[in-house]
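Trainee: Here the protein sequences line up with chains G and R, keeping their order.
Start counting at 1 in the first sequence, then tack on 1348, and there's your number in the working numbering.
Start counting at 1 in the second sequence, then tack on 1348, and there's your number in the working numbering.
It is worth saying that the hints were derived from the structure and are not from the lab.
Treat each hint with caution, since some may be false.
Repeated chains share a single entry, so a pair holds when one copy, or any two copies, can fit it.
Within a straight-line C-alpha distance of at most 20 Å, the following computed DMTMM-like cross-link-like pairs (lysine to aspartate or glutamate) qualify [what the hints assert, rightly or not]:
| no. | residue 1 | residue 2 |
| --- | --- | --- |
| 1 | LYS1689 | ASP1511 |
| 2 | LYS1662 | GLU1445 |
| 3 | LYS1662 | ASP1437 |
| 4 | LYS1690 | ASP1351 |
| 5 | LYS1642 | ASP1511 |
| 6 | LYS1557 | ASP1459 |
| 7 | LYS1662 | ASP1395 |
| 8 | LYS1573 | GLU1588 |
| 9 | LYS1573 | ASP1645 |
| 10 | LYS1662 | ASP1351 |
| 11 | LYS1557 | ASP1395 |
| 12 | LYS1662 | GLU1580 |
Nothing here was measured: the structure is a model prediction, and the numbers come from that model.
There are 2 protein chains.
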Amino acid sequence: MSDTELITKSQAQPPYFVGVDLGGTNLKVGLVDEQGRPLARISVPTDVPRGPEDAAKRMGKAVLDVIVQAGITREDVAHAGLGSPGTMDVPAGMLLEPPNLRGWENFPIRDRVSQHCGLPVAFANDANAAAYGEFWVGSGRAFRSMVLLTLGTGVGGGIIIGDHSVDGEHSHGSECGHIIIDHHQDARMCPCGQTGHLEAYGSATAVAKRAHELLNTRPESSVKKRVESGDELSTLMLAEEAEAGDELSMELILEAATYLGVGVTSLMHTIDPDGVVLGGAMTFGGHDSPVGRKFLDRVREEVARRTFPVLREKTVVDFASLGGDAGFIGAAGIGRLAYRKKQEIRG
Amino acid sequence: MSDTELITKSQAQPPYFVGVDLGGTNLKVGLVDEQGRPLARISVPTDVPRGPEDAAKRMGKAVLDVIVQAGITREDVAHAGLGSPGTMDVPAGMLLEPPNLRGWENFPIRDRVSQHCGLPVAFANDANAAAYGEFWVGSGRAFRSMVLLTLGTGVGGGIIIGDHSVDGEHSHGSECGHIIIDHHQDARMCPCGQTGHLEAYGSATAVAKRAHELLNTRPESSVKKRVESGDELSTLMLAEEAEAGDELSMELILEAATYLGVGVTSLMHTIDPDGVVLGGAMTFGGHDSPVGRKFLDRVREEVARRTFPVLREKTVVDFASLGGDAGFIGAAGIGRLAYRKKQEIRG
């Protein structure tokens, strides 16, 4: 999936919003208009070891840079938004103990970024922000409610009902990777330390682990040869080998899709959204790739097999469409929601 | 759990709301004040075979009767609400193919009841209505969001976030009994025809079925003797025998509690509510009974073992408190929400 196309200032509809997508590797900052269309984007390394204070400064600077890049001024920007990995306290704007941002514990990141860019900043979980982005302008733009699963190293989740992001009362809402699909004691172990979670079956990490387990029983697989030649086993490698005809690779990808179909079904029976949208690296190139299409077909088949007739017929299950831009677009969208709420209160 | 206490007209705060709780066996109709306190209630047989048109007439009459019983007039009532088992189309006010109301297919029940009582009627799934009742004035009255599981013949669910009942886009929201806790092909069969659903492990039906499976392996159990003497095996019997010291009965009850803990954990990781509330006959007498307390302790232990530290510490897991009144109080509450929305729109 390529990045979304940039529009120019003359095409844009003010007011503007800036979104910051804070990841363990990169910081993405983008500026969008009232309709969520990006005018400018910047990506810089997060550089976690330099600490949160330094990063907050650089985020503030990137917000100002992206405003200049878009050819507007800070006064044209109504609000900013920041999506961050957890754990966090959303209402307080605090990072708590984020495992992907070691050394950043108990840091008031929302207010620090706000101080450094001089704009009000709304705060959200990164997957919830991405979900809001897809809901606002991506695959879910026609939906009244939506569930997003982000399939990467882990399985993230975001649930949007109406214009409400299900953050939960303790900032643990929409943790869809941690719903239990196998109650047995010997179920697979999730990186979070619990067993039987969807993430332990449907993440890229889970698929690579499963591939390692099966390699010795499948000497004919081209994956075995690549691993023996020193290549690192990844879901990208599996997708390449599956496309080249390797059976084991395709089986592993479809197995993950089947488990994801189980999780998607449970989410449909809980939320009953208009649609469930799948994003992240483990969508294998999406609709543009034969492997991606087979993966999606398998998820849909498992859902169809397991759900109620009405939902089988009506609920959309599809890929996300904003690629790596979903995070900053959604963060900007969360900023827009906060801005609108303030406008309402002011009457 | 006994019924909630009735208040008198002089204690009540107008306006008033009437709730109808339509069940497969009984119709309960109650009148409550602005604070959800009941002034009067009526229960009559549903008499399913007489058909939906006849029942709608009797529901309309019961609404008028309960108004008389409360000592007020129809003009004092702002709105009514109706909670019904599904399948249904909530926005259309239609029953579709309700398995517990055979012969009532595709019936516009909301509007027919409204015609027969002369009041506007809001419509909801029965478990969602009960959840709203507990949220409004019951165990969840201090919560901002809540999940209710109703444990009876099946496992019903209701999810309330803010003042929003998660009905879903296709009237299949909050079907918490049908989240999957075991993805394996050989998982237990749910009455809905699918495998691995929470209901297949945590309902009274599931527990009785499991008891039958185990009886021959446990000749010492007092349940075996009672069944051989002609008593029907029920969760009520299991509760009695567990209280009298029967080990098998207690094991079966705690096994169901363990599975319910798995489901509650998944719901906490999806919604992250302030609290999860358990109602219905399979709460074994609730806090007033030693068996009920052991059952709840086991649910809580399983949740504590499986969830994140913050949720372990903060999320309330407890029994519902409105007993059989939750349905009509919640239906009245849904009516009150509809009334308030109309007032807002009128400005």
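Trainee: Please sort LYS1573 with ASP1645 into within, between, both or neither, judging by C-alpha distance up to 20 Å.
Mentor: neither (28 Å within a copy, 53 Å between copies)
Trainee: With 20 Å as the alpha-carbon cut-off, assign the pair LYS1662 and GLU1445 to within, between, both or neither.
Mentor: between (40 Å within a copy, 17 Å between copies)
Trainee: Could you figure out if LYS1662 and ASP1351 sit no more than 20 Å apart (CA to CA) within one copy, between two copies, both or neither?
Mentor: neither (29 Å within a copy, 40 Å between copies)
Trainee: 20 Å Cα cut-off: does LYS1662 pair with GLU1580 within a copy, between copies, both or neither?
Mentor: Neither way: LYS1662 and GLU1580 sit 41 Å apart in one copy and 42 Å across, limit 20 Å.
Trainee: Classify it for me, LYS1662 with ASP1437: is the Cα-Cα distance of at most 20 Å met within a copy, between copies, both or neither?
Mentor: For LYS1662 and ASP1437, only the inter-copy Cα distance (13 Å) is at most 20 Å; the intra-copy one is 36 Å.
Trainee: Can you tell me if LYS1557 and ASP1459 fall within 20 Å by alpha carbon in one copy, between copies, both or neither?
Mentor: Neither: 39 Å inside a copy, 56 Å across copies.
Trainee: Regarding LYS1689 and ASP1511, is the shortest C-alpha distance of 20 Å or less found within a copy, between copies, in both, or in neither?
Mentor: both (11 Å within a copy, 17 Å between copies)
Trainee: Is the C-alpha distance from LYS1642 to ASP1511 at most 20 Å within one copy, between copies, in both cases, or in neither?
Mentor: neither (32 Å within a copy, 41 Å between copies)
Trainee: How would you classify LYS1662 and ASP1395 at a CA-CA limit of 20 Å: within, between, both, or neither?
Mentor: Classified as neither; 44 Å inside a copy, 33 Å across copies.
Trainee: Is it within a copy, between copies, both, or neither that the alpha carbon of LYS1573 lies no farther than 20 Å from that of GLU1588?
Mentor: within (13 Å within a copy, 64 Å between copies)
Trainee: Treating 20 Å as the Cα threshold, decide for LYS1690 and ASP1351: within, between, both or neither.
Mentor: neither (31 Å within a copy, 44 Å between copies)
Trainee: Is it within a copy, between copies, both, or neither that the alpha carbon of LYS1557 lies no farther than 20 Å from that of ASP1395?
Mentor: neither (28 Å within a copy, 57 Å between copies)
Of the numbered hints stated above, those contradicted by the structure are hints 4, 5, 6, 7, 9, 10, 11 and 12, listed in ascending order.
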